[in-house]
Amino acid sequence: MNDVRIALHAVSKVYGKRAAVDAVDLELRQGERVALVGHNGAGKSTLIKLMLGLVRPIAGRVEVLGANPADRRAINVKRCMGYLPENVSLQPNLTGEELLAFYARLKHRPVAENAKILERVGIAHAAQSRIATYSKGMRQRLALAQALIGNPRVLLLDEPTTGLDPALRHTFYTIVRDLRAQGATVLLSSHALAELEGQTDRVIVMSQGRKVADGTLADLRRLARRPVRIRVTLHDEHVTLFPRIAQTALEWHRISERTFEVSCAEPEKIEVVRQITDGNLSVADLEILAPSLDDIYAHFLVTESAE
Amino acid sequence: MNAVAIIAGKELRDGLRNRWVIATTVLMAALALTLTLLGSAPTGTVGVSALAATVVSLSSLTIFLVPLIALLLSYDAIAGELERGTIALLLSYPVSRSAVVAGKFLGASAILAVAAVLGYGAGGVALAFGSDAVEPRAWAAFATMVGSSVVLGMVFVSLGYVASACVRDPRTAGGIAIGVWLVFALIYDMALLGLLVADQGRLMTVGLLDVLLLANPADVYRLLNFIGFSDVSRFAGLAGLTQQMRFGAPVLAAVLSGWVVLPLVVAMLLFKRREV
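Just so you know, the sequences run in chain order S and B.
Following my numbering, the numbering of the first sequence begins with 1 at its first residue and continues without gaps.
Following my numbering, the numbering of the second sequence begins with 1 at its first residue and continues without gaps.
Read the hints as simulated data drawn from the structure, not as lab findings.
On a predicted model such as this, the values are computed, not experimentally measured, just so you know.
Treat the hints with care, since some could be wrong.
Simulated crosslink set (DMTMM-like; lysine to aspartate or glutamate; CA at most 20 Å straight-line) [stated by the list, open to error]:
hint, chain 1, residue 1, chain 2, residue 2
1, S, Lys-136, B, Glu-83
2, S, Lys-269, S, Glu-257
3, S, Lys-136, S, Glu-98
4, S, Lys-116, S, Asp-178
5, B, Lys-272, S, Asp-71
6, S, Lys-269, S, Asp-236
7, S, Lys-136, S, Glu-97
8, S, Lys-17, B, Glu-275
9, S, Lys-136, S, Glu-86
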């Protein structure tokens with residue numbers, strides 16, 4: 001897993017006076033699915049364009065498959081890359097098949113492989129229809145199809161699932177999983193952390209051009225140290241025994257007639273649960289609410305802007 | 001196949017698909033046929049060849065029409081594709097920026113060539129059938145007119161790319177393109193004429209006038225089609241001008257080609273500096 005496919009060293013990019021990317025270091029390795037998360041304008045698209053060599057950094061160094069992607073001599077590196085732009089309107093007058101053939105020729109790949117790709121993204125039936133007749137989902141599938149031409153070793157997907165229906169999202173993540181199994185490096189940007197659960201190996205959180213977090217979802221959970229909430233619902237007759245629970249020296253909130261809630265740090269949660277279930281309390285229900293990914297995401301963004 | 005050819009092929013196919021080619025061809029054929037029929041009416045059976053009259057009237061119209069078509073074909077090429085995100089996608093492929101411009105340019109040139117050869121060719125064919133024994137020199141003038149019309153179109157395709165490469169918004173590029181058309185097709189000659197009248201021959205020497213004429217591709221095209229063919233230049237009322245013109249057809253052809261290449265190179269350089 002030490003095969004580094006993409007490396008950024010202290011890369012910065014400024015648009016006007018605004019720092020779109022501010023001294024970012026990162027590494028993407030072989031067979032890794034990495035999610036780039038951040039608000040609109042956090043620098044995700046610029047970061048991807050830097051990796052494609054579409055934008056030149058004002059400082060720092062970008063290396064993709066061992067070459068500088070903005071260098072003319074590195075043009076062949078792009079044969080091993082696939083890119084799905086954030087917003088792209090593909091030529092409406094061509095058919096899906098024709099457009100894909102065009103892109104395959106540019107990548108020096110046999111056009112015959114395209115049928116399989118169209119099958120894979122699920123628009124084989126519409127291959128001979130003009131793109132103007134495609135639905136939004138079909139267009140996004142076609143845009144993904146062009147990124148898959150030639151089994152790229154590096155795939156950069158800019159907000160690929162934004163605005164997609166759940167079925168398509170599922171297809172999409174299945175394809176990404178297959179690609180990773182083949183050893184491809186997949187970077188995808190998103191502004192919703194929640195849908196990435198189980199779909200990524202690593203998450204990079206961007207805020208105002210800076211990298212504010214980088215790690216697995218479990219790492220981020222640990223780093224964020226968001227409290228676990230425990231919610232207890234008691235049987236009627238035991239509500240009066242609430243003061244006993246309160247003895248645990250934690251701050252309980254009564255959130256309804258029979259329901260109480262406490263926040264505690266992750267490592268303490270077992271102890272708290274033990275105390276509750278230990279005694280003579282008749283507990284009707286017990287819920288442990290782990291912090292959601294969106295809570296964690298919010299934590300990183302809030303911490304960042306507070307600095 | 002190399003990237004330039006692939007992109008050119010796609011542009012041409014796009015042009016065929018969205019009916020640019022057919023519309024332009026029909027327009028040019030309609031003009032050529034109308035002028036052919038009108039052109040042979042006044043000359044009748046005496047006087048100069050009907051073909052010469054057609055070359056004069058058709059090339060005078062070409063000066064307005066072809067640059068407009070070429071600019072419409074090109075102004076959106078870079079700014080529009082930037083807006084639609086297709087340029088970023090295209091450049092993520094192993095394609096250089098100059099190959100993108102060159103490919104688009106060749107595709108647009110092919111569209112113009114097809115339209116001019118078929119459209120004006122229709123007029124030529126009608127003439128060949130309608131009148132007997134047209135002298136070969138008149139056919140050469142006609143062929144020069146068709147060929148130089150394509151080159152004139154290429155000039156304005158290049159100029160359209162410059163407009164498209166230097167602004168962000170395709171609508172602004174469209175505005176610039178219209179401005180370019182107005183200047184070269186209309187205003188330039190009027191201004192030059194005004195200058196000549198006002199100057200009364202004090203500062204404006206013949207040499208300076210020649211240079212000023214070469215500075216407008218539309219005038220180069222006009223001179224190229226009017227000189228050398230005595231019939232044509234007499235008809236065009238430019239006999240005096242073309243006789244004192246120091247440049248021959250090869251020089252004019254070279255200048256017109258320069259007008260293709262120079263803006264194209266500028267467009268490539270501008271595009272190279274663009275952030276996508």
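Hints, verified against the model:
In summary, the hint linking Lys-136(S) to Glu-83(B) is supported, as the alpha carbons are separated by about 18 Å, within the 20 Å threshold. A hinted pair counts as satisfied when its Cα atoms are at most 20 Å apart, and Lys-269(S) with Glu-257(S) does not qualify at roughly 23 Å. A C-alpha spacing of about 18 Å is found between Lys-136(S) and Glu-98(S), which places the hinted pair at or below 20 Å, so the restraint holds. For a cut-off of 20 Å, the pair hint linking Lys-116(S) to Asp-178(S) stands: about 14 Å separates their Cα positions.
The hinted pair formed by Lys-272(B) and Asp-71(S) meets the criterion: a straight-line CA distance of about 12 Å does not exceed 20 Å. The straight-line distance between the Cα atoms of Lys-269(S) and Asp-236(S) is roughly 25 Å, outside the 20 Å bound, and the hint therefore fails. With a CA separation close to 17 Å, the supplied pair Lys-136(S) and Glu-97(S) stays within the 20 Å bound. For the given pair, Lys-17(S) sits about 15 Å from Glu-275(B) by alpha-carbon distance, which is consistent with the 20 Å threshold.
Between the alpha carbons of Lys-136(S) and Glu-86(S) the distance comes to roughly 13 Å, so the proposed pair stays at or under 20 Å and holds.
Hints 2, 6 from the earlier list are contradicted by this structure; the remaining hints agree with it.
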